[in-house]
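J.: Please model the entire structure based on the sequences and the hints provided.
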Amino acid sequence: MNDMRLPISLLPLELNEVSFVHRGQTLLDRISLRLEGHGKILIMGPNGAGKSLLMRLCHGLLKPTNGQVHWASNANGKPPRQAMVFQRPVLLRRSALANLTYALGINGTPWKQRKPMAWQALDHFGLTAIAHRPARVLSGGEQQRLALARAWLLKPEVLFLDEPTSALDPAAIKAVEDAVVDFHRQGTRIVMSSHDLNQAKRLADEVIFLYGGRLIEHSPAEDFFSQPQTARARAFINGELVW
Amino acid sequence: MPASDNAFHTALALVLSMDPALIDIVLLSLQVSFTAVLIACLLALPLGAALALWAFPGRGVIVVLFNALMGLPPVVAGLTVYLLLSRAGPLGEFGLLFTPSAMVVAQVVLVLPIITALTRQQIEELHHEYREQLTSLGMSKLRRIPTLLWDARFGLITVILAGFGRASAEVGAVMIVGGNIDGVTRVMTTAIVLETAKGDLPLALGLGIVLLTLVAVVNGAAYVVGETARRRLG
Numbered sequence: 001m002n003d004m005r006l007p008i009s010l011l012p013l014e015l016n017e018v019s020f021v022h023r024g025q026t027l028l029d030r031i032s033l034r035l036e037g038h039g040k041i042l043i044m045g046p047n048g049a050g051k052s053l054l055m056r057l058c059h060g061l062l063k064p065t066n067g068q069v070h071w072a073s074n075a076n077g078k079p080p081r082q083a084m085v086f087q088r089p090v091l092l093r094r095s096a097l098a099n100l101t102y103a104l105g106i107n108g109t110p111w112k113q114r115k116p117m118a119w120q121a122l123d124h125f126g127l128t129a130i131a132h133r134p135a136r137v138l139s140g141g142e143q144q145r146l147a148l149a150r151a152w153l154l155k156p157e158v159l160f161l162d163e164p165t166s167a168l169d170p171a172a173i174k175a176v177e178d179a180v181v182d183f184h185r186q187g188t189r190i191v192m193s194s195h196d197l198n199q200a201k202r203l204a205d206e207v208i209f210l211y212g213g214r215l216i217e218h219s220p221a222e223d224f225f226s227q228p229q230t231a232r233a234r235a236f237i238n239g240e241l242v243w
Numbered sequence: 001m002p003a004s005d006n007a008f009h010t011a012l013a014l015v016l017s018m019d020p021a022l023i024d025i026v027l028l029s030l031q032v033s034f035t036a037v038l039i040a041c042l043l044a045l046p047l048g049a050a051l052a053l054w055a056f057p058g059r060g061v062i063v064v065l066f067n068a069l070m071g072l073p074p075v076v077a078g079l080t081v082y083l084l085l086s087r088a089g090p091l092g093e094f095g096l097l098f099t100p101s102a103m104v105v106a107q108v109v110l111v112l113p114i115i116t117a118l119t120r121q122q123i124e125e126l127h128h129e130y131r132e133q134l135t136s137l138g139m140s141k142l143r144r145i146p147t148l149l150w151d152a153r154f155g156l157i158t159v160i161l162a163g164f165g166r167a168s169a170e171v172g173a174v175m176i177v178g179g180n181i182d183g184v185t186r187v188m189t190t191a192i193v194l195e196t197a198k199g200d201l202p203l204a205l206g207l208g209i210v211l212l213t214l215v216a217v218v219n220g221a222a223y224v225v226g227e228t229a230r231r232r233l234g
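Here the protein sequences come in this chain order: Y and X.
Numbering (the UniProt record's numbering) for the first sequence: 1 to 243.
Numbering (the UniProt record's numbering) for the second sequence: 1 to 234.
Keep in mind the hints are simulated off the structure, nothing from the lab.
Note that the Cβ used here is the ideal one computed from N, Cα and C, for glycine as well.
Heads up, some of the hints might be wrong.
[Stated by the list, open to error] Pairwise CB distance ranges, derived in the manner of DEER restraints:
id	chain 1	residue 1	chain 2	residue 2	range
1	Y	234	X	64	53 to 59 Å
2	Y	48	X	212	55 to 61 Å
3	X	64	Y	30	40 to 46 Å
4	X	230	Y	197	38 to 44 Å
5	X	230	Y	117	30 to 36 Å
6	X	75	Y	107	49 to 55 Å
7	X	183	Y	88	55 to 61 Å
8	X	34	Y	107	37 to 43 Å
9	X	58	Y	73	37 to 43 Å
10	Y	197	X	43	52 to 58 Å
11	X	90	Y	131	53 to 59 Å
12	X	18	Y	139	50 to 56 Å
[Said to hold, decoys possible] Calculated cross-link-like contacts (lysine-lysine; reagent style BS3-like; alpha-carbon spacing at most 25 Å):
id	chain 1	residue 1	chain 2	residue 2
13	Y	115	Y	155
14	Y	174	Y	201
15	Y	155	Y	112
16	X	198	Y	63
17	Y	174	Y	155
18	Y	78	X	141
19	Y	78	Y	63
20	Y	78	Y	155
21	X	141	Y	155
T.: Shown next as structure tokens:
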């Protein structure tokens, strides 16, 4: 919940009647919402509800067919720094260490600082032992932690996570969830999608519930889980099939 | 003993004794083909990557054109370069015709489409996988080119070797623009044609053995590189 030690982040993201149409099919239908504050936001909903799509539109990977996605500027007058962690981590065909120094190179970190910073991140995520292994032969859990380490180095103000644990075993899921809490504690805004109710209960401060490309509910997590306002959300929480 | 068998023995002897005339021809062949492939790579790798990344009107036509040019008959390439470099041609003043440089130009024309078209395919496939991550990192298309070329490196080695195979094996283009002048523009393939016509089968066969060995070594290297990459990088 609202942690008073956190810097108040004034980074509202506003979606105004955002729709996304692909081959005549409306995948997201006139979604309007405003994200602010600094709680962890969980986007929930059954498969095909449009969770991943909504995050891609927010992050700027896709342009909406209609409507606007508007980021307020940060203190430097620029849109906030963002990073995204995908369901299946996309890692370069290089060593784990090189994947990190590469990301630092892109964001303009001076050459001499890249390796020390990369090692720090590897250490933080418990990956020092596999620093020189090719990233793509690591286990699923290690790959996702490496993707998180890469995001960590970019010092994002907003971090999007698209079902980051859906292909992982319990230990790896715990590692990812710990990392998410860690990011949040450092002041990073978290926007994460999940269809795992227990995970959402563990992590969410705020829930956005999507169904069939529509925004059904947007409420504080406590309210959403204890007294959902729509029949669909109720059914989803009770584990009934809602699609 | 049949004549060809005899010729085969003499050919082997020529190769094993490192006959100076044969060595000269082999060295010139390698020099011309390596130079041509190097120049073609410098142009075709970035060009292929750019074709994979940028969408623009007419892109489809260019892609098909490069694909079609992969099968460009060497004699046609040779004739085109001949017309360009001949005294009356637009580039005639440089006096390149019947020099190794002209042969390099002709081989570049042959190899460039192969490397461009195959690079485009490889980079397109890799970018399909990387696109969201690279966009998320805020990379411009221009900055993606070196990243993608490096990450596709093992596949691209095979592409470059395919180009080298084409360059070292073709005969029509270098024959037309080089003229097969003894000691100046005579390479393995043109020498084989000439010596066979003259009936000097040992030299022709000797060169044939060298050429085959070269192709085998190049392909063996490609296989080893590919396998190592698969095991190491997953």
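J.: For each hint, tell me whether it holds in the structure or not.
T.: Against the structure, the hints come out as follows:
1. Y:234 x X:64: 53 to 59 Å: holds (56 Å)
2. Y:48 x X:212: 55 to 61 Å: With a Cβ separation near 57 Å, residue 48 (chain Y) and residue 212 (chain X) satisfy 55 to 61 Å, so the hint holds.
3. X:64 x Y:30: 40 to 46 Å: Cβ of residue 64 (chain X) to Cβ of residue 30 (chain Y): about 41 Å, so the range 40 to 46 Å holds.
4. X:230 x Y:197: 38 to 44 Å: holds (41 Å)
5. X:230 x Y:117: 30 to 36 Å: holds (31 Å)
6. X:75 x Y:107: 49 to 55 Å: Distance hint for residue 75 (chain X), residue 107 (chain Y) holds at roughly 53 Å.
7. X:183 x Y:88: 55 to 61 Å: holds (60 Å)
8. X:34 x Y:107: 37 to 43 Å: Distance hint for residue 34 (chain X), residue 107 (chain Y) holds at roughly 39 Å.
9. X:58 x Y:73: 37 to 43 Å: At roughly 39 Å between Cβ atoms, residue 73 (chain Y) and residue 58 (chain X) fall inside 37 to 43 Å, so the hint holds.
10. Y:197 x X:43: 52 to 58 Å: Given about 56 Å between the Cβ atoms, the range holds.
11. X:90 x Y:131: 53 to 59 Å: holds (56 Å)
12. X:18 x Y:139: 50 to 56 Å: With Cβ atoms ~53 Å apart, the hint holds.
13. Y:115 x Y:155: The given pair, whose Cα atoms are some 16 Å apart, holds under the 25 Å limit.
14. Y:174 x Y:201: Satisfied, since the Cα-Cα distance of roughly 14 Å is no more than 25 Å.
15. Y:155 x Y:112: Judged against 25 Å, a Cα distance of about 18 Å means the pair holds.
16. X:198 x Y:63: violated (69 Å)
17. Y:174 x Y:155: holds (22 Å)
18. Y:78 x X:141: Holds: residue 78 (chain Y) and residue 141 (chain X) sit about 21 Å apart, inside 25 Å.
19. Y:78 x Y:63: holds (19 Å)
20. Y:78 x Y:155: holds (15 Å)
21. X:141 x Y:155: It holds: about 23 Å lies between the C-alpha atoms, which stays within 25 Å.
Taken one by one, the earlier hints fail for this structure only at number 16.
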